[in-house]
Structures are given as structure tokens and as C-alpha cells.
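Trainee: Chain by chain, the residues:
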Amino acid sequence: AQSVAQPEDQVNVAEGNPLTVKCTYSVSGNPYLFWYVQYPNRGLQFLLKYITGDNLVKGSYGFEAEFNKSQTSFHLKKPSALVSDSALYFCAVRDKNTGFQKLVFGTGTRLLVSP
Amino acid sequence: NAGVTQTPKFQVLKTGQSMTLQCAQDMNHNSMYWYRQDPGMGLRLIYYSASEGTTDKGEVPNGYNVSRLNKREFSLRLESAAPSQTSVYFCATNRDSNNEAFFGQGTRLTVV
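So the sequence lines, in the order shown, correspond to chains D and G.
In case it helps, the working numbering puts the first sequence at residues 6 to 120.
In case it helps, the working numbering puts the second sequence at residues 2 to 113.
Hints in this document: simulated from the structure, not taken from any laboratory.
Take these hints with a grain of salt, some might be off.
[What the hints assert, rightly or not] Under the rule of at most 20 Å between Cα atoms (straight-line distance), these lysine to any residue pairs were calculated in the SDA-like manner:
hint, chain 1, residue 1, chain 2, residue 2
1, D, 27, G, 43
2, G, 72, D, 106
3, D, 27, G, 42
4, D, 107, G, 43
5, D, 107, G, 10
6, G, 10, D, 82
7, G, 72, G, 103
8, D, 107, G, 61
9, D, 27, G, 55
10, G, 58, D, 102
11, D, 74, D, 29
12, D, 101, G, 41
13, D, 107, G, 99
14, G, 10, D, 46
15, G, 58, D, 100
16, D, 54, G, 61
17, D, 54, D, 65
18, D, 82, D, 114
19, D, 107, D, 57
20, D, 107, G, 55
21, D, 107, G, 57
22, G, 58, D, 114
23, G, 72, G, 31
24, D, 107, G, 58
25, D, 54, G, 100
26, D, 54, G, 96
27, D, 27, G, 41
28, G, 58, D, 54
29, D, 54, G, 95
30, D, 27, G, 72
31, D, 101, G, 60
32, D, 107, G, 60
33, D, 101, G, 99
34, D, 107, G, 42
[Stated by the list, open to error] Chain G residues, not near chain D, derived (Cβ > 10 Å throughout):
hint, residue
35, 19
36, 23
37, 28
38, 29
39, 32
40, 59
For every residue, glycine included, the Cβ atom is placed at its ideal position computed from N, Cα and C.
If we strip away everything but chain G, and leave its shape as in the complex, we get (with noise of 0.2 Å):
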């Protein structure tokens, strides 16, 4: 039992690069998130998606696209990879909205 599996853990990227962060939960939690965390920010919210099939903006969807592939899957895209988007971004999971949400380890990305 994984819990939230994201990968890659580590990505380089050249400006204007693009990537698929991708997340995994076998917790069969009907909710996932997308955060970036940077120092001294907290985290803050890039997308979400209530269930499968729907996904919403959160505070910091600029440059940045998702897919809910299925129940398990919700992966994050970035089309052309900034210097600002440099970041540790985390998924995570939860069984409905009123829930504590149960995160994956991150992946530390850094954009040159």
C-alpha cells in the first residue's frame, strides 16, 4: 500500500521546456491536488480535481495544466517550463472535501 506516489522526485528543465509531473493513489480517494510549496509561501493550490472526470483552478493555475486520467492517476503539465515555476510540488489525496489529505513525497523541480 503506496498511499501517493508522485515521479519524477528530482527534474531539471531548460526554459521553454515542457514536463508531465505524474501522481498515483491507491487509497481509492475520490479527490486530488496539485500544490507547489515554496520558502517562506506555505503551500499554495495550482489545480484540483473534486472526481474523476472534473477539474478546478486553485490560487496559482497560470502555466499549468492537469488531467485526471482516471480515479488513481492526476497529473500536472507544464507547457513551457520558467524560471518562476522552480518549486517543490506535492499531490495530494482525499476521500471527500471535508477530509484531512494524505500527501506524496514531492518532486523538486528546478527550471534554468
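Just chain D, same shape as in the assembly (with noise of 0.2 Å):
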């Protein structure tokens, strides 16, 4: 079974300061990983997605994630917050051999950055 956790329910940053948002997986072979962002009252947007490659992988508003296997930890980082960051951020894992339709996607952590 696939399973995906984000332990903060909410984490707050000062602007400018670096910001980590921790997610880690289960699954029972290798991993397709995925962050999305949900501003209020709008749907999820995709910020980024590990799939083969590059441990590190780059993706919208300045965002990175680094993908760690031995670990598995998929954490979402940027190096300097903005208060238009702050939003709802999710994670989501599947396995490689399955469907996008057994995606799990994880509780959300609240991203609160303070001017």
C-alpha cells in the first residue's frame, strides 16, 4: 500500500527566511512524487514532480525538493519566503507501476510567512 505523510499541520517563516516543508512516503517499489499548492478558494496547482533523475528537482515560484531514497523524504525547500507563499501545500506519492488514479495524496501542511 502507498502511504504518505506530512507531520506539521502548519509551519511558519519569517520572510526572506529559508523555508522546509516536510513530507515522507511509502511504497513498495519506486516512487513517482508530486507537490502541489492550494491558494484559498482555488484548486490545487502543481509545483513540482520527482519521477527518475536528478535527486534534486526544481519547480515553480522558486521552489526545489529533494528527493531522498534512503530516507524517504520528499521535502519541499525554499531558500527565501514570501508572504504570497503562504497557501496550503500537499504532497503525493504513487507507485511507479500504477495509475495517476492511485495517487495518495498527504494531509497538507499550512505555510504561513509572516512580513
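Need the complex rebuilt from these two chains, each delivered in its own frame; the hints are there to steer you.
Mentor: This is the structure we're talking about:
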């Protein structure tokens, strides 16, 4: 079975500081990993994905994530947070050998960036 | 280019009433999905359609039906609404199973 955990309900960071939103996963085979962001009253927007290749993945709006197979983690990072980054962030995972319909979402982490 | 459009944006139903949530995409994608989002539970897949003419159950299909009307449109029907179906519903689409999905803005449904 596939699962994903986002251990923090909320992350608080000051504008200009680096941010990290944590995600750990469990799949039986090789993972496909995704990060999505949800702004208030909006649908989810794709940020980045790891399919294969470099462990450091760069995505939209200056975000990046590092795939760590030994720690089964895929933490989302940004070197310098903006107030406009405040939103709900979802990590998602599926086994490489399954379809998108098997994608499992985490419960979400609310990021609050203070001025 | 609207992407994924859901209607309505908000709806209040009485227990036992029926309604259909509409979803249309102009991205020429093959696959479409319906999710529900509940606090503390992330997104859960209700039904999906891998291609025009096919539909399959997801994780939480009970109490729902779907229709893939054509390549663009994928509707979700609640035949007899229950308070447990109070949720935010999202439609999503992707080109195929290996690609990221694009989401609509959601329908906030309250069943009283």
C-alpha cells in the first residue's frame, strides 16, 4: 500500500528566511512524487515532481524538493520565503507501476509566512 | 483558455436531494478525476475516467455516480445527498496517467 505523511500541520516562517515543508512516503516499488499548492478558495496547482533522474528537483515559484531514497523523504524547500507563499501544501505519491488514479495525497501543511 | 471549469462553485442541498456537479476541460486531456477534500484528510479520489467512454471507482465511490459525456466533460451526481457528503469537490484532468494533473477551482457543497 502507498502512503504519505506530512508531519506538520502548520509551518511558520518569517519573510526572507528559508522554508522547509516535510514529506515522507511509503511505496512498495519506486515512487513518483508530487508537490501541489492550494491558495484560498482555489484548486490545487502543480509545483514540481520527481519521476527519475536528479534527486534535486526545481519547480515553480522558486521552490525545489530533494528526493532522498534512504530516508524516504521528499521535502519541499525555498531559499527565501515570500508572504505570497502562504498557502496549503500537499505532497503526493504513487508507485511507478501504478496509474495516476492510485496517487495518494498527504493531509496538507499550512505555510504561514509573516512579514 | 479556461483550463478546468467546475459548476456550480457553491451549493446547499437538503438531505435526500439530488444534484449534478459539472466539470469541463479545454486541455484536450484524456483522463479526468473527481476528488473530495475534507479537513485533515487530504484529497480522496471518488471516481475517474482514463479515457472517453470509461469510468472507474476510486477510493470513496459510495453515494456517487459519474458520466463521461465526451472528452471534455465529466459529471458527478449525488442521487440522494447525505450530510456526510458535505465537502469540497475538485475535478482534475491530465494528459495521461504519467503526468501531473490540473485542477478546477472546486465546488463547496453543504448538505443540511
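Trainee: State for each hint whether it applies.
Mentor: Going through the hints against the structure:
no.	hint	in the structure
1	D/27 - G/43	15 Å, holds
2	G/72 - D/106	18 Å, holds
3	D/27 - G/42	17 Å, holds
4	D/107 - G/43	14 Å, holds
5	D/107 - G/10	26 Å, violated
6	G/10 - D/82	32 Å, violated
7	G/72 - G/103	15 Å, holds
8	D/107 - G/61	12 Å, holds
9	D/27 - G/55	36 Å, violated
10	G/58 - D/102	19 Å, holds
11	D/74 - D/29	10 Å, holds
12	D/101 - G/41	26 Å, violated
13	D/107 - G/99	11 Å, holds
14	G/10 - D/46	10 Å, holds
15	G/58 - D/100	19 Å, holds
16	D/54 - G/61	25 Å, violated
17	D/54 - D/65	10 Å, holds
18	D/82 - D/114	13 Å, holds
19	D/107 - D/57	18 Å, holds
20	D/107 - G/55	17 Å, holds
21	D/107 - G/57	12 Å, holds
22	G/58 - D/114	28 Å, violated
23	G/72 - G/31	7 Å, holds
24	D/107 - G/58	11 Å, holds
25	D/54 - G/100	9 Å, holds
26	D/54 - G/96	15 Å, holds
27	D/27 - G/41	16 Å, holds
28	G/58 - D/54	25 Å, violated
29	D/54 - G/95	14 Å, holds
30	D/27 - G/72	37 Å, violated
31	D/101 - G/60	19 Å, holds
32	D/107 - G/60	9 Å, holds
33	D/101 - G/99	9 Å, holds
34	D/107 - G/42	16 Å, holds
35	19	24 Å, holds
36	23	15 Å, holds
37	28	13 Å, holds
38	29	17 Å, holds
39	32	7 Å, violated
40	59	6 Å, violated
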